[in-house]
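Join the two chains into one complex using the hints; note that each chain is given alone, in its own frame.
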Amino acid sequence: MGDFLIINNVTKTYLARRRTIADFILRRKIPYIRAVNGVSLRLDRGKTLVLLGESGSGKTTLGRLIVGLEKPDSGKILVDGEEVPYVGDKSYMRSKLRGKLQMVFQDPSSSLDPFMTIKDIVSEPLIKLHMPKNEILRMVIEALEMVGLDKSFLNRRPIELSGGQRQRIAIARAIVTRPELVVLDEPTSALDVSIQSQILNLLVKIQRELGLTYVFITHDARVARFIADYVAVMYLGKVVEYGSADDVFNEPLHPYTQALLSSVPKVGVRELPKTISGEVPSAINPPSGCAFWPRCPYAMNKCRNEEPQTKVINNREVRCHLY
Amino acid sequence: MGLIVTYTKKYRKNIGILIKLLRKPDVAFGLIILILFYSWSIIEGILQVIGSFIGKPDLGWILLPYNPFQPHLSQSLRLPSLTHIMGTDDLGRDIFSRILYAAPSDALISLVVVGGGILIGGFIGLFAGFYGGKVEEFNMWLTDLFLAFPALILAMVIEATFGHGYIYAMIAMIIVWWPSYARLFRAEAIRIKNMKYIDAALLSGLSKVDIIRRHMIRPALNTILPYATLDLGNVILFYSMLSFLGLGQQPPYPEWGSMVALGLEYFPKWWWYSLMPGLVILIIAVAAALVGDGLRDILGGEEKWV
Numbered sequence: 330m331g332d333f334l335i336i337n338n339v340t341k342t343y344l345a346r347r348r349t350i351a352d353f354i355l356r357r358k359i360p361y362i363r364a365v366n367g368v369s370l371r372l373d374r375g376k377t378l379v380l381l382g383e384s385g386s387g388k389t390t391l392g393r394l395i396v397g398l399e400k401p402d403s404g405k406i407l408v409d410g411e412e413v414p415y416v417g418d419k420s421y422m423r424s425k426l427r428g429k430l431q432m433v434f435q436d437p438s439s440s441l442d443p444f445m446t447i448k449d450i451v452s453e454p455l456i457k458l459h460m461p462k463n464e465i466l467r468m469v470i471e472a473l474e475m476v477g478l479d480k481s482f483l484n485r486r487p488i489e490l491s492g493g494q495r496q497r498i499a500i501a502r503a504i505v506t507r508p509e510l511v512v513l514d515e516p517t518s519a520l521d522v523s524i525q526s527q528i529l530n531l532l533v534k535i536q537r538e539l540g541l542t543y544v545f546i547t548h549d550a551r552v553a554r555f556i557a558d559y560v561a562v563m564y565l566g567k568v569v570e571y572g573s574a575d576d577v578f579n580e581p582l583h584p585y586t587q588a589l590l591s592s593v594p595k596v597g598v599r600e601l602p603k604t605i606s607g608e609v610p611s612a613i614n615p616p617s618g619c620a621f622w623p624r625c626p627y628a629m630n631k632c633r634n635e636e637p638q639t640k641v642i643n644n645r646e647v648r649c650h651l652y
Numbered sequence: 019m020g021l022i023v024t025y026t027k028k029y030r031k032n033i034g035i036l037i038k039l040l041r042k043p044d045v046a047f048g049l050i051i052l053i054l055f056y057s058w059s060i061i062e063g064i065l066q067v068i069g070s071f072i073g074k075p076d077l078g079w080i081l082l083p084y085n086p087f088q089p090h091l092s093q094s095l096r097l098p099s100l101t102h103i104m105g106t107d108d109l110g111r112d113i114f115s116r117i118l119y120a121a122p123s124d125a126l127i128s129l130v131v132v133g134g135g136i137l138i139g140g141f142i143g144l145f146a147g148f149y150g151g152k153v154e155e156f157n158m159w160l161t162d163l164f165l166a167f168p169a170l171i172l173a174m175v176i177e178a179t180f181g182h183g184y185i186y187a188m189i190a191m192i193i194v195w196w197p198s199y200a201r202l203f204r205a206e207a208i209r210i211k212n213m214k215y216i217d218a219a220l221l222s223g224l225s226k227v228d229i230i231r232r233h234m235i236r237p238a239l240n241t242i243l244p245y246a247t248l249d250l251g252n253v254i255l256f257y258s259m260l261s262f263l264g265l266g267q268q269p270p271y272p273e274w275g276s277m278v279a280l281g282l283e284y285f286p287k288w289w290w291y292s293l294m295p296g297l298v299i300l301i302i303a304v305a306a307a308l309v310g311d312g313l314r315d316i317l318g319g320e321e322k323w324v
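For the record, the sequence lines run as chains A and B. Per our numbering, residue 330 is the first one in the first sequence, and the count goes up by one each step. Per our numbering, residue 19 is the first one in the second sequence, and the count goes up by one each step.
Don't read these hints as lab results, they were simulated from the structure. Each hint should be verified, as a subset may be incorrect.
As the list claims (entries may be wrong) - Facing chain B, from chain A, some residues (calculated, C-beta under 8 Å):
(1) F333
(2) Y343
(3) K405
(4) G428
(5) M432
(6) S440
(7) D442
Treat the numbers as computed from the prediction; the structure is a model and nothing was measured. Note that beta-carbon positions come from the ideal geometry of N, C-alpha and C, so glycine has one too.
Chain B extracted, bound-state conformation (with noise of 0.2 Å):
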């Protein structure tokens, strides 16, 4: 009992914060939908990764209605319906099964790449707004380079160099997806330096590098949460958009952006079969979204005191 009072009163924050953000419907909402994909994805991502590894990959679709690899050509291109809630492909595949089997590598990716965008945007945009000077003009002189080419045109000129496939996708994206983060931690970075517990600080004898661990990360990371978390769903998006052309998982994996490429060449006769998968990416961008704006206005009222 006093092991949960200690913890309560250390998170009591955070806990303030998710009954705040559980207050909204909207926010609710979204947080529900976020906390299922999730949730769903490491629970079918283990089940996958265990399987793989003992050579028995039937244990990926041991909790899915259908095996989504196994073609069941008199199934094929069934309305959603009772038996497959989401109609079945040219193959006669569940639909449904094969949306969820691949929700883990969307997951894996929005996370990978959000905190590779952080990790690598922090590292430059700190250094940069809190040197100022050379470091400073290098830096973002680097971020802008990165920034001048559109995204998406950068990602497929990466994956064309270096190949196709999962793992060049998420270093595709990794590589355009930091330079909006360094902009933001250096504008956080420049307003913290003003602070006058910097000052303090650079009198305390800390040196620079000890300042930004000190009283920039966290702050800086604070602001930069609710972006983050609306990112997931602009990084889901933006990694379906690459397997819609085919720059992602390879078949037969599923893949949502592949399917809904696919199912194009069936509309819009056989509508579900690329509208579901679509729906799919749809929502949880939605839902990413609408948990960042909450978190956004929750933590924006405690700005300057958190």
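Just chain A, same shape as in the assembly (with noise of 0.2 Å):
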């Protein structure tokens, strides 16, 4: 479904602790965490894929490896024909995607540095750019601009600024060097219901502009119905379905995913159907075959022993041993 982004097969891995002095005289193993494993996806420009997910689904994981915030173990992530660098190797500094993939996160009290202003904190990603001061200027208060910010606020303070509005600036900042791509991380889910519609609004309106492409995180399917051109329902470090949203939303295929649309709460339904029960297993030692098996309803015996492999069904990707 596209060639701007390409994911191929990327897996990573951390170890479930640091290694001690201990574990290294004794030899002990320690067990990984595969935040991330086997994931394949492709996007075309100017799209928006949403990875929905429950918490320690691997989507914010996803995420940062997708900008380079972290190296995948395997796979490879291209952006535009270009492979994405790690921010911590020497070829970052050389790579034409250099500052143009950029990232929203989730709290914006973290994401924006309390002792700099706003000026500061927007031109940043063009500091490296090498640009006239002038120009620089004019670009941040254009960015702030399409946020629905004006001038006053660039020699103000994070700290001066309310949740809804220290999310504009970090949109700005994310925004201010016309990227390939943005990566946003619950970008709504830190802030009030009012100010989240907002938020989307706003996002909608600033990728019409400027053609972006988003690769949208979040856990709120109703956030995902709204924002997505693609979906990607990601279970224990696996993409369990991708397509695009209308497919996805209209007639779920994986239980997963049935389960997660049928738990949004709807007005006038004074009852929930009964979904799946329990919590997302251990990453660290998931179950074997298909790792959905013990909060499925339909899981059969061929589930516990057999992993699903990727099945491709009306433009869709599933995996389940379903169909």
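Written out as structure tokens, the structure reads:
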């Protein structure tokens, strides 16, 4: 479904804890957490991909991999034909994508340096582009206006702003360089509902104006439905269903997607349908076979023993033995 | 007028902190003592330096009630009185004048040692905390190496090896002083490293050195400022300890610690000889501790959003 963003069989594991001297002497093995486990996705330019899943599903890690804040253990991520460089590598400084991949974080209070003025914060991505000062100022003001703020904010500090305004500043910083791709990591989860819709509308407007490509990370199916062109539903580091938003939301195929979508409260419905129970299993010790089987209403014997492979059904990728 | 308005606007936060400091009586007391001490030291220090440059050392005691070097054997070991408010020493020199004359060396060493500690410790600690891995291991190994020795012993060894005197005491103290700052700065760097704005800065294409410069130095200094203020008193105490042992300013130049040491021979009958300089050391150390404490209370409340 496009070739602007190509994620090819990407895996990222972490050590479950720090290696200590005792581990070294006793040659103890430290368990691994597979945060992202063999994910492959594709996306067109100017579209929005939503990564939907519960906490612990690896969606944030995948988002960080896409912009290069983490280094994949295996697999490749390409943006516009160029491999995404890890920010800690030397190659990052020479890469064409340096500064062109931006991210908006969940908590606006820790994503803005409290000691800096709004002008310094928003102009930060422009520093390394060696532009004249007045040009930088012009672009900063333009970005502020695009997010619905004005010049009067230039010399204020984050402490003086409300949560919604801080998130607007974070968005302004992300779009000031006209990036190729923006990863939005739950940008509305820390905000009030009324502010949430403002920010979502703003994001859609900006995308239309600048032709941006979004990767939008959320656990909220309603938010996903509003903003998505494509949806990838993640469970324990794997994409269990990937397809266009219309398809996935109208006719969810994977039992996990069905459960996620039916657990959204609706107006006028007193009792929510019975959905899946329990928690996401530990990623250190995932269940055998299909990771979802302990919670799946349709679990079969096959699910416990054999891992389902990705199948393409009706223009959509599903990982389930039911199909 | 416009200039004053912009000035106060720019420094509104600093003025606010000052007002908050002065509202607490103990902190206000400490602050006044420190301001008196450092401003006197600047005036007296400048006079002494100019005096020695133009070859007229008496410029150094032009503001003092008595010549701090001139012995008056007839006046020796006088009780504190209106003519000699802190009494006289065994050679009949006015103790108050000698204490005032010695003030600049203490003021300078406290600022230089704390400043040097922040500079070296900041450099080593910030890189250790932010880079992690091998850099951190090496830097903290170095820090622990210096911390492992008792500070006083290490300073004495350094001075015994390289020489005695004011400059050597200063160098020795910087060497024993920076490791604690390295630890503080490392902790700060680790705290800030986990902030999301560091991720954003990395995505903006800044190098790690850029990020330390832009995002770490100022917040780290802000957190360490209370500790550094408190530390000014510790440095003066430590320097007095060194000069008590004869490792500081060499005679005939007066020094608070060495005055205490000399006076001990005459203790307790002529108690004021060592007690008076001791009291001055105590008061300034306490004042620094009070101000440091007050600063911590105020800045601590605004730690997240300054």
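Against the structure, the hints:
| no. | hint | verdict |
| --- | --- | --- |
| 1 | F333 | 18 Å, violated |
| 2 | Y343 | 15 Å, violated |
| 3 | K405 | 19 Å, violated |
| 4 | G428 | 4 Å, holds |
| 5 | M432 | 6 Å, holds |
| 6 | S440 | 4 Å, holds |
| 7 | D442 | 5 Å, holds |
Checked against the numbered hints above, the structure breaks hints 1, 2, 3 and satisfies the rest.
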